[in-house]
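Taken in sequence, the protein lines are chains A and B. Going by the working numbering, the first sequence runs without a break in its numbering and finishes at 384. Going by the working numbering, the second sequence runs without a break in its numbering and finishes at 983.
Some clues are possibly wrong.
Interface residues of chain B toward chain A, partial, derived using beta-carbon atoms under 7 Å [as the list claims (entries may be wrong)]:
1) Ser630
2) Pro673
3) Val674
4) Thr675
5) Asn680
6) Asp683
7) Leu693
8) Gly810
9) Met825
10) Thr830
11) Asn895
12) Asn896
13) Arg940
14) Ser943
15) Gln946
To spell it out: a stretch of chain A is covered by chain B in this simulated footprint if at least three of its residues, at any positions, have a beta carbon under 8 Å from a beta carbon of chain B; those stretches are [stated by the list, open to error]:
16) 108-119
17) 134-146
18) 161-168
19) 236-243
20) 247-256
21) 345-352
22) 355-363
If you're looking for bench data, these hints aren't it; they were derived computationally from the structure. These numbers come from a predicted model, not from an experiment. We put the CB at the ideal spot given by N, CA and C, even for glycine.
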Amino acid sequence: MKIARNLLFSILCVSMLSIGVPSVAKAAYPDRPINIIIPFGPGGAVDIAARILAEHFQTKYDITLNVVCKAGGAGAPAMLDVAKARPDGYTYGFPALATFSATPQIKKTGYNLESFKSVAQITNMWLSISVSADSGITSVKQLIEMAKKEPGKYNFATHGALSTQRIFMGNILQAYPGINFPHIAFTSGHDVSTSLLAGKHITAGFGVTTNQKPYVLSGDFTMIGVSSPERLPEFPDVPTFVEQFGEDKKYVFASSHGLIAPRRTPDANIAIMSNLLKEALADPSVQEKFTKAGLSTDYLPTEEFQTVMNDMWVYIGNSLDELGLN
Amino acid sequence: MLDVIFQGIMNAISFDSLLANAIGVTLGIIFGALPGLTAAMGVALLIPLTFGMPPVEAFSALLGMYVGAVYGGCITAILVGTPGTVAAAATMLEGPALTARGESRRALEMATVASFIGGIISAIALITVAPLLAQAAMAFSAPEYFAVAVFGLTIVASLSSGQVLKGFIAALTGLLVATIGLDPVTGDMRNTFDNPNLFNGLSLVPVLVGLFAVSQVFITIEDVIKGVVLKGGNLASKGLSLRDIYANTINLIRSSAIGTFIGIIPATGVSAAAFLAYAEAKRYSKTPEQYGKGCLEGIAATESSNNAVCGGALIPLLTLGVPGDIITAIMLGALMIQGLTPGPLLFVEHPATVYGLFAAFIISNVLMLILGLIAVRGAGKIIAIPGSLLMPIVITLCVVGGYAINNSTFDLLIVAIFGTLGYIMTKCEIPQPPFLLAMILAPIAETNFRRALSISQNDFSIFYTSPITMVILTVSLVILIKPIYTSIKGMIKQ
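With the hints as extra help, turn the sequences into a complete structure.
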């Protein structure tokens, strides 16, 4: 009786221990769910993009993508989780590169550009500045000239104290030393649009085209500048910043979003993931869903996306230096 | 016109829409009741599933989830003293006391009926006067928001019931804690000690769970150590009577109106509405001394107002395309995915869909009433579980909830710290609600105060040149001065 019990006990112990042992015959990557950590709350553009991809990966490749939302802290807690994760290709981050580059260059966060490597770019957003349609303002240049004549009367609002848009406007305003064109910080892009709609205190809202599009279509806003290199097909009447301020790399800005991995992740796994993303983003059903959510599909392979990451890091770093924000 | 309205209603009561709605409400009640799972999370999880659905069906599911989740928070708040959602924080002021008296069923049924009435009154506002109200709400900007937040903070006096000094200690601590994180205007870090987890300040849910639920568990542990025998509560047989509802008619209407209005003003929030309604109910009550000791009126006020916020928040969303809170912001995305651009044109271009949404919202509230009344029958049995089993369950819920909100182990530390703080506060008889209220309202007050000043280039006249700001700030001042005036008058008489 006692032997039987001991035997049972040891079998139980062994079986419990073996749960933790990885199966010897290693199946092809990926053979278990993959975590995608996003530094945003549920329901935002990136969250929707991640969930569209997760749905596609599940039905098409039978791969489970867990979308983990970790909002707040200017993206730092989420990116720190990615940086510290086991580099086995089962944890990725899906940040907005601009914020990703800004936070560690302003504050100690425990990670930097070298903590990660690129996987693939997924989507791009363009920055855009809009004014109330009643204002009669038609270009950013006109707005800045008006601000020069009446200092402090006009202002521009962005979604936060350290927003990319504020940094970008800082770059433009460098050509106008001593100008009094105050920045008003809000907490989200939607808050900016709400205030601009009320039309009492805010002259211009600086956000992304995706957020401002509905109000431009409804005729409430006039969009007076976009950060794309050429005019966008969906807004053929909106002048670019390059048109208004001259041919210069610093007047073009694509807010790039894509997948990044911890630095020591095996290249083979990254290549597999990058190819799967390429296929998924070329799929018409995924493209249709992205379009419906107001997003574009802008796949870039690993090396090219790494270049985008490096360039963004330098651009943001330089801008922060020049503006004295860091 | 009538055939369009009829078509919209038919869309909303089709079998698919009703099923989507019922699933939404059921999931919503579960999401709401479990701490850490929020209405916003639930709605966001449903969005990819609604891609392929026709608009009215998609929104039946989403609105059901919204209504269900805002309501569901009260179940855990009343039964186990753990708020399921931030929306139910104010319900904590009365719910657990009623449960301790063995009136949990009466409290839960009141909460359900009040939620239904709040939802329906806000739906009526949404259908009849939406564009008008939305225009009025747009008159609100930074200085007006600041005034509303200050008005909200005057409730501290009312929440402290008799212990004004201790109430202020709690509120000021709450204000201090709210300063943690990124400075909203300059982007400087405040009180973060270079810890990235503090960059965005403390999340409300872990603090809430710690302060109210974990502290209760600690007190129970203390009782056990002292040798008090834990017993299960008595199963409440006494339900809600029609007389209870009748006695609260004016209270319910007033609270629903407050909720609807707060819902319309973007970025004020559902918990602020519940606290405001609670304070007003107490101010007008014939028996204000009963508040805080288990008073049905309080539950009627908080639950009707927080569900009224749902309909209120839909008003600026549909008429102007302006989302009032995080959930309606997600819904704005859902509308765009359906190819519907919210705004005045929506009513002209897609009238059938709009009336379908209205009908779906009313159906969500009806389903919430039915499913809610069934759910509380079952859930009410929770209190029969003996404390020695219930408390471990509560602490598990707290830990899961504290973690789930941001998938952050750091937040578990916050739960533990604020659990300890809540325990100390209870022992020192310092009321916790003022702390919570200050933490909710401080960011609204601060950012809007400083935003107003950066708009006006540091000219303080912006706070007294707008009539709305002027009126709200004056009323707040009167509320603050009145008790001082009364006590001075009393002293002179002596």
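Hint by hint, here is what the structure shows:
no., hint, result
1, Ser630, "5 Å, holds"
2, Pro673, "6 Å, holds"
3, Val674, "5 Å, holds"
4, Thr675, "6 Å, holds"
5, Asn680, "13 Å, violated"
6, Asp683, "5 Å, holds"
7, Leu693, "11 Å, violated"
8, Gly810, "5 Å, holds"
9, Met825, "6 Å, holds"
10, Thr830, "5 Å, holds"
11, Asn895, "6 Å, holds"
12, Asn896, "5 Å, holds"
13, Arg940, "6 Å, holds"
14, Ser943, "6 Å, holds"
15, Gln946, "5 Å, holds"
16, 108-119, "holds (count 4)"
17, 134-146, "holds (count 3)"
18, 161-168, "holds (count 6)"
19, 236-243, "holds (count 4)"
20, 247-256, "holds (count 7)"
21, 345-352, "holds (count 4)"
22, 355-363, "violated (count 0)"
Hints 5, 7 and 22 from the earlier list are contradicted by this structure; the remaining hints agree with it.
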